[in-house]
Amino acid sequence: MSSSTAHKSSSAVEGGPSGRVARAAPSHEGAASDSFSRGGSLKISNVSFSVGGITILDDVSFEVKAGELFGIIGPNGAGKSSLFNCISGIYLPTEGQIHLSDKPIVGRRPTAVAKLGVARTFQNLALFNNLNVSDNLMLGRHRLMRTGYLTAALWFGRARREEVKHRLECAEIIELLGLSEVAKLPVGVLPYGAQKRVELGRALVSEPNLLLLDEPVAGMNDDETEQMSNLLRNVSQQLGITIVLVEHDVHMVQQLADRVCAINFGQVVVVGSPAEVVTHPTVIEAYLGADWS
Amino acid sequence: MSSSSAPQAKGEQGGHDAHLDAQPSPQHAQLKPIALLPGLDTKFSTLAIALIIIFYPVLADNDFWTTVLVSTGVFAAAAIGLNLLTGYTGQVSLGHAAFLTVGSYVAAYFGATQGLWMIVWLPLAGVFGAAVGAIIGPFALRVKGDYLVVISLALLFFTAHVVRNWESVTGGNDGISTSGADLGLGPLNFADLRIFGHTFTREEGLFYLAWIMVGAFALIARNVVRSRPGRAMQAVRDRDTAAEVLGVSSAQYKIAAFVLSSAMASAAGAVLAVHQRFLTPTEPLLELFVSIQFVAIIVVGGVATVYGAIIGAFLLTVLPETIKTYTHWFDFNIPIWDKKLVSSSGIEPGLFNPGSFSNFLFGLLLVVFLLLSPQGIAGWIRAVKGGAIQSFWHNLRGHLRGRWFQRGEPAASRSRA
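In the order they appear, the protein sequences are chains H and X.
Counting from 1007, one number per residue, gives the positions in the first sequence under the working numbering.
Counting from 946, one number per residue, gives the positions in the second sequence under the working numbering.
Source of the hints: derived by calculation from the structure; they are not laboratory data.
The structure presented is a predicted model; accordingly, all values stated were derived computationally and were not measured.
There's no promise every hint is true.
Derived BS3-like pairs: lysine-lysine, alpha-carbon spacing no greater than 25 Å straight-line [said to hold, decoys possible]: (1) X:Lys988 x H:Lys1190; (2) X:Lys1330 x H:Lys1190; (3) H:Lys1121 x H:Lys1071.
Generate coordinates for the entire structure from the input sequences, incorporating the hints supplied.
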C-alpha cells in the first residue's frame, strides 16, 4: 500500500520505535503488514504497586525483547492486569521503572504512553458500544491522525483526505478479522467473540510497537481460540510487533509464547521458556495443580 | 472468529493474496467516510426543509409566526451546540442559557452601544462565549454527572449577578436596548432586506439570519462529529479510560466541547438579543427554566444527532405558542372539580391558563419522552428507516391471516439499535 509508507515515517518521527526490526516481513507482502514492522522492547524494573496498604505488585522485574511474544500466567488476583495498567499509565507504580525501547514510561499519562505506540485490550472489553465497528477502529488510529476542530469543520481538504485514507487502513484489518459483514453495526449489539476481535482490531490498527493483550481468548471455544492463536502468531511473525499476552489458557500460551513469566501474589515466580515454566514446582503448586499435564 | 480470517492470514504468509490485493473494493461501505447527509431520503428531506425555510417569509406574510420561528432558529442553533456537549461528549450542562446571555450582552454592548458592524459583533459574541466556555470547561475535568450539573447551574446564577451589577456594560436592572445594533452583511442588510424586488420586514430579515446560522452550525457540527474530533468526543463520553489508552485526551476534548458549544450558544444569544430589542436581567433567559428547556430540546429531538436539535427546538418553541394561540378554539371545556381544564379568558374559573397549560404540556412531554422514548424523535425516524412501519404492516397482515407473527424475522428486529 502506498499510503502506508507515510505512516511508517510519521511514526518514526514521533519517536516511537527504536527497537530492532524483528522478523519483519518483506514489504510487498500482505496488505496490512508493511505499515508496522517494528516491535519495541519492554523492560520492567523492580515495579511495585500498592493500594490502601495492599501490595498488588511486589518488586516485579522482567524484560521483553523486541519482537517477542511474551506470555504472563498466574492465578486470579496475581496482579497481571495491574501490571498492564502500570504499563499503559492507568496506574502509577509506587516504585520501580518501566522502559519501552529505553524510554522511561512511568509517570506518563495514558495518552502519552499511547503516543509511544503501546496498544492494549482489556480483560472485560472496553469498546465504544454506541459506535460502529468501523468507527471503533478509526479511534484506534486517532493518534496517527491530525484533523482538529477547524479542519474538521471545513471538511474539504485534510479532514476528508484523512478520513478516506485511514478508513482504508481500518478496512484491511476489518477484513482480516472477518468483521466486514458487521462493520456498520454498533459494537454493542455484536456477540462476545466478535467484540473481542473488534478490540484486538482497534489495538492493531494503531500500528503499535507493543501490544498488551489481556485474556484475548477468555470465553472463547476451542475453534475460536485456535483461530485467535493463528492470528496472533501471524501478527507477531509477519508484523514483528512485540506482544505481551496475559492468558489463563496455559496450553495456548505454551504453544504461542516465546517466553513465559509466571506471577503469584504480585511476585515473579519464574521467567523462562514455556516448558521450563509449566514444569516449575511453584507454578504447579500455586496455579496449575498437581494433576496438570 | 469467522472462517474467512484464517485462510487470509495464511495467504499473507504465501506472499500474495488475490483477495487482499483486490482491496479496496468499492462495495465495502466502511471504506468511505460518513456522508454529510447519509442516504437519499436524508438528502431530499433536508432539501425540502431548506426550501420551506427559504420561501416561508415570502409566502406566509404572518409576522407572529415569523417571530416565533426566529426564536426557533435561535434555539435550534444553541441546541446544536448543547448537543455537541451533552449528546456527543456526555457533559450534562444546565448553564447553557448563561452562554446565550453572554452573547446577548456582547451584541448589546458592541452592537448597539458601541455601534460596531454585525461582522464584528456577531463573531465577537462567539469568541466571548468560547472564552467563558474555556473557563468553565476545566471544571468538567474534576466533576462528573450530577456534580457538573450543579456547577453549571452556579454559572447561571453567577451570570445573573454580573448582569445585574455591571451597569456600565449591561445597563443593570434598567436593561439595555439592542435595537440599534447593525444588521448589515456586505450588500445585505437584514434589518431591511430586499431581494429580487421583494422587501422583507426586520422580523423576516432576522428569520433569515437565524436560520442561516442554524444551517452553518449544523454543517459545522455534522462535519465535526463525522471526523476525528467527533469520534474522540464520543469515545470520551462512552469510556474515558479506554479513550485515554488510545491516545484520546479526555481533558482536551471535554474542554473543546465546552468551548465549541458555548461559542455556538453565545452567537445564537447575540441574534436573540437583537430579536428581542431590549435586554433586562429579569428577562426569562436567565431563568433555570430556559436551561432545562435546552436539555428538553435535545432529549425530545434526539440526543447525539444534529437534526434532532433542530426538530426539538421547533417542537418546543412552536408547540407552546400553538397552545396559547388556539386554546380558545378548543375551549378545553372539560370540567375538573367544577372548573374548566383551561380557562382561556381568565374570567371563568379554570385549572390552567393557556400559558401554564403549555408549561404543563412541556413538562409532560419531557417526562413521557424520557420514560418511553429516550432516543427522542430521532429514535422514531431511525425506527421507521429500519423498517418499523413495514414490519408493523407485515405483522398486521400476518395477524389478519390468523398468525401473530410471520415465520420470517420481522424487519424491526434487524433495525439498528
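Now for the hints, and whether the structure bears them out:
no., hint, in the structure
1, X:Lys988 x H:Lys1190, "holds, 20 Å"
2, X:Lys1330 x H:Lys1190, "holds, 15 Å"
3, H:Lys1121 x H:Lys1071, "holds, 20 Å"
Violated hints are absent here; each numbered hint is respected by the structure.
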